[in-house]
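2 protein chains.
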Amino acid sequence: MGQKKIAGVDIGGTSIKVALLSFEGEIVRKTQVPTPVSAGEDGVMAKIVETVDHLLAEEGQSRNELAGIGMGVPGPVDEATGHVYQAVNLGWRDTPLKQKMEQLGGVPVWVDNDANTAALGEMWRGAGQGAKNMVAITLGTGVGGGVIVNGQIVHGVRGVGGEIGHVTIEPTGGPLCNCGRTGCLETYASATAIIREGTGAAAEGKSPRLALLLKQNGSLTAKDVFDAAREGDQVAVQVIDKAAFYLGLGLSHVANILNPGRIVIGGGVAAAGEFLFSRVREHFQRFSFCHAAESCEIVPATLGNDAGVIGAAWLVHQQVE
Amino acid sequence: MGQKKIAGVDIGGTSIKVALLSFEGEIVRKTQVPTPVSAGEDGVMAKIVETVDHLLAEEGQSRNELAGIGMGVPGPVDEATGHVYQAVNLGWRDTPLKQKMEQLGGVPVWVDNDANTAALGEMWRGAGQGAKNMVAITLGTGVGGGVIVNGQIVHGVRGVGGEIGHVTIEPTGGPLCNCGRTGCLETYASATAIIREGTGAAAEGKSPRLALLLKQNGSLTAKDVFDAAREGDQVAVQVIDKAAFYLGLGLSHVANILNPGRIVIGGGVAAAGEFLFSRVREHFQRFSFCHAAESCEIVPATLGNDAGVIGAAWLVHQQVE
Chain A
-8 MGQKKIAGVD IGGTSIKVAL LSFEGEIVRK TQVPTPVSAG EDGVMAKIVE TVDHLLAEEG
52 QSRNELAGIG MGVPGPVDEA TGHVYQAVNL GWRDTPLKQK MEQLGGVPVW VDNDANTAAL
112 GEMWRGAGQG AKNMVAITLG TGVGGGVIVN GQIVHGVRGV GGEIGHVTIE PTGGPLCNCG
172 RTGCLETYAS ATAIIREGTG AAAEGKSPRL ALLLKQNGSL TAKDVFDAAR EGDQVAVQVI
232 DKAAFYLGLG LSHVANILNP GRIVIGGGVA AAGEFLFSRV REHFQRFSFC HAAESCEIVP
292 ATLGNDAGVI GAAWLVHQQV E
Chain B
-8 MGQKKIAGVD IGGTSIKVAL LSFEGEIVRK TQVPTPVSAG EDGVMAKIVE TVDHLLAEEG
52 QSRNELAGIG MGVPGPVDEA TGHVYQAVNL GWRDTPLKQK MEQLGGVPVW VDNDANTAAL
112 GEMWRGAGQG AKNMVAITLG TGVGGGVIVN GQIVHGVRGV GGEIGHVTIE PTGGPLCNCG
172 RTGCLETYAS ATAIIREGTG AAAEGKSPRL ALLLKQNGSL TAKDVFDAAR EGDQVAVQVI
232 DKAAFYLGLG LSHVANILNP GRIVIGGGVA AAGEFLFSRV REHFQRFSFC HAAESCEIVP
292 ATLGNDAGVI GAAWLVHQQV E
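Residue numbers (our numbering), protein chains in the order written: chain A, -8 to 312; chain B, -8 to 312.
Quick caveat, the hints were computed from the structure, so don't treat them as lab data. One or more of the hints may lead you astray.
[Stated by the list, open to error] Examples of chain A residues lying across from chain B (beta carbon under 10 Å, computed):
(1) Val126
(2) Gly136
(3) Val138
(4) Gly152
(5) Val245
(6) Ser279
(7) Phe280
(8) Ala283
Given the structure is predicted, the values throughout are model-derived calculations rather than measurements. Glycine included, every Cβ here is placed at the ideal spot set by N, Cα and C.
Given these sequences and hints, build the entire structure.
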């Protein structure tokens, strides 16, 4: 069995990442194809099988040599049955993904939410290696989370375990979140939040540097705000400090409740590196119960965009001995 | 094996509760003895074995008919080795409890933290029955917590999983906590907090009713404050509302991170019943991600002081088939 390959699939609203991996999780070959959303779930599944076959052919192999296909999906999943409750970006609702894919592909299929597969990827081959109690956070447009306890993803009773981005970090007031509530961590610590705060400061003329960039480019990026902060723009520093404060506070909740050994942070915003991490750690330490703080490292993710396909492959690896 | 009995032990700083249970967790016989703290750990262990023997004798049985002894300890524990890191109220530090008790008693012994055994008790035979993803909260002098995921206690990497009482619920300012930090949930939602707030209001003359009770009795109890609130004292209602607000917020953090199906609340303060629970649920719903809120019930614990010995017995039940 050790010689068999695993296919890892990370389905997004724009593109599908597909990789062929060794049974130990090394990527042998990978590719990316546009998601044919308008072709519906059957069209997307056919495209995935076609892409897997293509990668296998490039390796001179066939589906017989595949231990299975692991898949990460952007939405809540019943991982036991491989049923996708909903995937808004794909227009899916109540999709029996595992069942249909197994019929289509003729190999075993396992499915989980994409924040969870990213977490599993980091646990298996990335910054979480060796940690059986860890949390992975993705800081991008939103704030995603995957929680691992005793080496297993915490799905909870309705597949919404790990919704750390929707922890209410500001109970009174706070910006409106996509989820319909206010004060969610996501509205303070995502790229969207940093851009919103930076743009506000620029529009109010508090930061001439950000105001100039806003005028030149029509909009700001999170990187603009980080660059300004790094070069000493005090308003930009305040924007980053605020995001780090709320992120440190939110992560302290996780640490006080679960006492994980590692918190791995990835996503576009995490690219800011130590400038962000040192601030997050400082707030995290302050807000965490001493033993929980001492025993937990906060480290950058190391797998980048590959975390999803690697974690999807883990779903197969852990099932097939 | 089904006919064998289990001994469940709940060690506190003042008293030790010992019960003999059927293999299915029904209490056959129970007793309570003062904790001989000054006799040291060996003295306490000898007392426990003596008490177990006494209960067995009353049943006309011997240690041969015992499947094992389960123990709940007031402090962090390495549950794999049964090593007690520290138990302040007992004056213990680095106590190899499992090892010593097995030598002394000649039967298998399993050990966990007492907040965890209380949670396991409610899961097995109490308000959590049938729930494999649940959280138990004890509202007393402090706020204790036990977190269960997939039927297993979450210990975390240093045995401090479930420290929900030390979630920083008020990041700026807030009362000083015993843990040395400020703003912990425990300083807002415990009996101690309700007494502090009620006494403050009485001393400031805001509530004539509480002021009178304070003068008559020299101090207030949490029950005094609940009774006043129930009878319409608006200041007392505000005190209870504040505690419920913070508790609902803290529980929403747990729900957003873990998506449990049930949160069981016990301890002295929980005796206030629906007057408290309805308020906690209202805040909890408001602060929780919709799917997490919908799928989670908040219910009163049902085992009272027996939860600890029953959960301790579960430690044996789950190990011995």
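How the hints compare with the structure:
1. Val126: Check passed: Cβ of valine 126/A comes within 9 Å of chain B, closer than 10 Å.
2. Gly136: holds, 8 Å
3. Val138: Where the cut-off is 10 Å and the nearest Cβ of chain B is about 6 Å from valine 138/A, the hint holds.
4. Gly152: Check passed: Cβ of glycine 152/A comes within 4 Å of chain B, closer than 10 Å.
5. Val245: Nearest chain B Cβ about 6 Å off; hint holds.
6. Ser279: holds, 8 Å
7. Phe280: holds, 4 Å
8. Ala283: holds, 5 Å
Checked against the numbered hints listed earlier, the structure breaks none of them; every hint is satisfied.
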